[in-house]
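Kindly generate the complete structure, drawing on both the sequences and the hints.
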Amino acid sequence: GAVVSQHPSWVICKSGTSVKIECRSLDFQATTMFWYRQFPKQSLMLMATSNEGSKATYEQGVEKDKFLINHASLTLSTLTVTSAHPEDSSFYICSAGLAGGDEQYFGPGTRLTVT
Amino acid sequence: AQKVTQAQTEISVVEKEDVTLDCVYETRDTTYYLFWYKQPPSGELVFLIRRNSFDEQNEISGRYSWNFQKSTSSFNFTITASQVVDSAVYFCALSEFNTDKLIFGTGTRLQVFP
Chain A
572 GAVVSQHPSW VICKSGTSVK IECRSLDFQA TTMFWYRQFP KQSLMLMATS NEGSKATYEQ
632 GVEKDKFLIN HASLTLSTLT VTSAHPEDSS FYICSAGLAG GDEQYFGPGT RLTVT
Chain B
3 AQKVTQAQTE ISVVEKEDVT LDCVYETRDT TYYLFWYKQP PSGELVFLIR RNSFDEQNEI
63 SGRYSWNFQK STSSFNFTIT ASQVVDSAVY FCALSEFNTD KLIFGTGTRL QVFP
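Those protein sequences? They're chains A and B, same order as listed.
Position 79, counted from 1, in the first sequence is what our numbering calls 650; the numbers after and before it change by one each time, with no gaps.
Position 2, counted from 1, in the second sequence is what our numbering calls 4; the numbers after and before it change by one each time, with no gaps.
Calculated directly from the structure, the hints in this document are not laboratory data.
All C-beta atoms, glycine included, are put in the ideal place defined by N, C-alpha and C.
Do not take every clue at face value.
From the derived model, a few chain A residues whose C-beta atoms are all more than 10 angstroms from chain B [stated by the list, open to error]:
id, residue
1, Val582
2, Leu597
3, Phe599
4, Leu615
5, Glu623
6, Leu647
7, Thr653
8, His656
Heads up, simulated PhoX-like pairs for lysine-lysine below, C-alpha to C-alpha not over 20 angstroms straight-line [claimed, not checked]:
id, chain 1, residue 1, chain 2, residue 2
9, B, Lys18, B, Lys40
10, B, Lys40, A, Lys612
11, A, Lys626, B, Lys40
12, A, Lys585, A, Lys637
13, B, Lys5, B, Lys103
14, A, Lys626, A, Lys637
15, A, Lys635, B, Lys103
16, A, Lys612, B, Lys5
17, B, Lys18, B, Lys103
18, A, Lys591, A, Lys637
Structure (structure tokens):
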């Protein structure tokens, strides 16, 4: 099956610093990648949709200047949390998929803790 | 607007019991997809099933079965003879054909005790 990796799997950073999370599709080319955030014991909330070579589409309430998404190739998307604050501490999950409502393949997630 | 409701927040059963997880969805589209995912304590989402809106046939895969009923907008998931390894959070999700975005329910935490 299709494999999506995320790096790092966990990260601790100080308040005010920026953190970059990578999402890679290892054995297929992903037309679209999605970024989700999951707070403890809550559901996954879609943050943004990114298509290779174009600007990401952010969901309502998600600050595009704070959560920078770059989708430079068909196998790599990055999420940068800029000027992180403790309230940004969360589990960030990416997924990659092909067009047409097909199955999305999820990465293992990145646990971000901001101190 | 699209919405997925999983009314059961938490379910506890004893091993070998059957358990059904409920999922009710709302959408205005006629073409859509429904999914179930399992999230064990490790956090990684495990894909279980995808169903399109034109296929109402029930599906069975080992101890897992799914009941899709468009008349009640439900897509329920049953685990037969539950096992401790089934303990996880289970999410139901909806995707409308023209967006590919997944809308997740709030999840049901299943605990299976030995």
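Do the hints match the structure? See the list:
no.	hint	result
1	Val582	14 angstroms, holds
2	Leu597	14 angstroms, holds
3	Phe599	15 angstroms, holds
4	Leu615	5 angstroms, violated
5	Glu623	14 angstroms, holds
6	Leu647	19 angstroms, holds
7	Thr653	24 angstroms, holds
8	His656	22 angstroms, holds
9	Lys18(B) / Lys40(B)	19 angstroms, holds
10	Lys40(B) / Lys612(A)	14 angstroms, holds
11	Lys626(A) / Lys40(B)	31 angstroms, violated
12	Lys585(A) / Lys637(A)	16 angstroms, holds
13	Lys5(B) / Lys103(B)	12 angstroms, holds
14	Lys626(A) / Lys637(A)	15 angstroms, holds
15	Lys635(A) / Lys103(B)	18 angstroms, holds
16	Lys612(A) / Lys5(B)	19 angstroms, holds
17	Lys18(B) / Lys103(B)	36 angstroms, violated
18	Lys591(A) / Lys637(A)	12 angstroms, holds
Hint check: violations occur at hints 4, 11 and 17; the rest are consistent with the structure.
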